[in-house]
Amino acid sequence: MYDAKVRGILIEGNKNYHQISDEVSKPVESAPPKWWYVAMGIATIMLLAGVWAGYVTISQGIGTWGLNNSVAWGWGIINFVWWIGIGHAGTAFSIFLLILRQKWRTSINRAAEAMTVFAVLAAGLFPMIHMGRIWFAFYIMPYPNTRGPLWVNYNSPLFWDVVAISTYLMASATFWYVGMIPDFATIRDRAKKTGNKIREAIYGTLAFGWDGSTKTWLRFEHLAMILGGLTAPLVISVHSIVAMDFATSVMPGWHTTIFPPYFVIGAIFSGFAMVLTLMIIIRKFYHFEEYVTKGHLDAIGRILTFISLIMGTAYLTEIFIAWYSGSEYEFFTFFKNRITGDYYWAFYAMFISNAIVPQLFWIKKVRNNITIVFIMSIIINIGMWFERYVIVVTSLSKDYLPSAWADYSPTIVEIMLYIGTLGLFILGVLAFFKYIPMFAASEIKGILKPTTIKEEQNN
Amino acid sequence: MQKNIIGIYTDENLVAPAIEELEREGVKVTDVYTPFPVFEIIHAMKLKSRFPYFAFGFGVSGFLLTFWFLYWSFVQSYPLNFGGKPSFSLSFVIILFVMVINITVISSLIAFFVREKKGPGTKAKEIAEGVNDDKFVLLIENAKLDEEKTAKVSEILKTSGAVDVIEKEVEA
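If you read the sequences in order, they're chains A and B.
Residues 1 to 459 in our numbering are what the first sequence lists, from first letter to last.
Residues 460 to 631 in our numbering are what the second sequence lists, from first letter to last.
The hints are simulated quantities; they were obtained by calculation from the structure and are not laboratory data.
Virtual Cβ for every residue (Gly too), placed ideally from N, Cα, C.
Keep in mind that the hints are not guaranteed to be accurate.
Unchecked claim - What the simulated footprint calls covered on chain B by chain A, stretch by stretch (three residues with Cβ under 8 Å from a Cβ of chain A suffice, anywhere in the stretch; the number is not a length):
(1) 489-502
(2) 530-537
(3) 543-557
(4) 560-569
(5) 577-584
(6) 587-594
(7) 612-623
The following block holds chain A by itself, in its conformation from the complex (with noise of 0.2 Å):
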């Protein structure tokens, strides 16, 4: 419950309970639309186009992509980057609001802890595939061994991204899975009711037994709040490990303490841009206006507004700092190599899309047309990859050796296999529309009566 004098009515059309059971397990119980096909299909058509270029690279090696000596790192570390930026939104939103206390999240959290996890699978697929020889991943996890036996480097950042994201994804899962127990449990009941025996043996299975007793829902609260809790700090350390593979390394550019922050911020505004895009495509396709109502995209653009100032001052800061740290490798690689020089599009196209083109948020108007918003949400989207790609090209074609200085260019595997991740999560989100119901329901119903409301009731 909460306050309605402070948020405004969160949940609109005046419904009772059972409406909000009927309309968030409609579309798990129809068929989907016809929509809903064709973009399975082109989900899939773009991750066969992924299979296959993970097939040329794992049979033919790194040498199939368009890296050389100087610029090691390419597309592989950027997709990387960008898919595990989009992960962390999912977390994010759903456990600090949850902290927090904000109630307005219980419209958006299902959907964007799906997308967390969908993001971070595809995020994992890179360094895998980057190893050149992937049936030795084995050799990451520390295990008694007949090689000494020799255990991993424990001082290696790459060591601490294997533990941080493999307990991430494994806690952002187990989370939003415990999550949706409660309503799988209607969705099992209503197929009893209507005798549909497939439904009811598949959801039942997925329901645990679940049967709403308030001793359990005691018990269940408490896991929720320690499991939100734990991955709080989850999604910090996460991303200032990532940030810590480039900043332990000496390259001009990368070795900045204000990287792990800076990733983190970045990882967050990204995720919430495409948690703006995916709420939008529910609300338009599923018709959920009364559920994502436009106070809440009114608040994520707020909320967009205030990380994108947080984005510029970042930007600048390393600017700054470049010039005034007297270091020359410093100043060559942000002042003739990002802001002027080869690079200077991806730069400019990342302080824009980051900085400048979120400013317009500040306006009502702009908040409240959802076609602007939903551009806008996707102008962020690029420009979060277009900043990780000037981290990593810019830093790297231009050391501290010019004779060693290289252009990098991506290949078409490169490409496929950047688009086969895009199949992968597009493919789970679309399973995630059809099979999962996409609110969670049962926090819907405990939200629906304000406070305020409940006490002028009782006046």
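Based on the hints, put chain B in the right spot on chain A.
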């Protein structure tokens, strides 16, 4: 003779006063089945959970386990020389931080499902229809009540706003 008495409500705000009223009559409510957590009901039933203490315990065990493993494998079993840097170093902190979270999350999940006796394939208790939809179902299980008392309980449930009251005789 023992009885199960079930009161079905459609408004969650009526349940907590009914529980308190029954308590005053000396009747203990076994459980209430609801579509979402209602804090007034949890409060009225005087339910408490030790779950957070357990989770803290899991965290401490996770810390000790991880630290032991890191120390054993990296300092004792096969200490490698990385440019003269110490084997026992501050970078343990990062792995410890993540692994404490990892172990606590997994243990808390296991503890929850073991304590609740729930898992894939568990049959749900069927108390009344619509529990996971829009009904709030109050259950008094195996109440040793004489007829007069039973009538009184039904009366309390009905006057408190229950839309339906069901009595079932069960074997002791």
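(Q) Under the constraints set out in the numbered hints, which ones does this structure not fulfil? (A) 7
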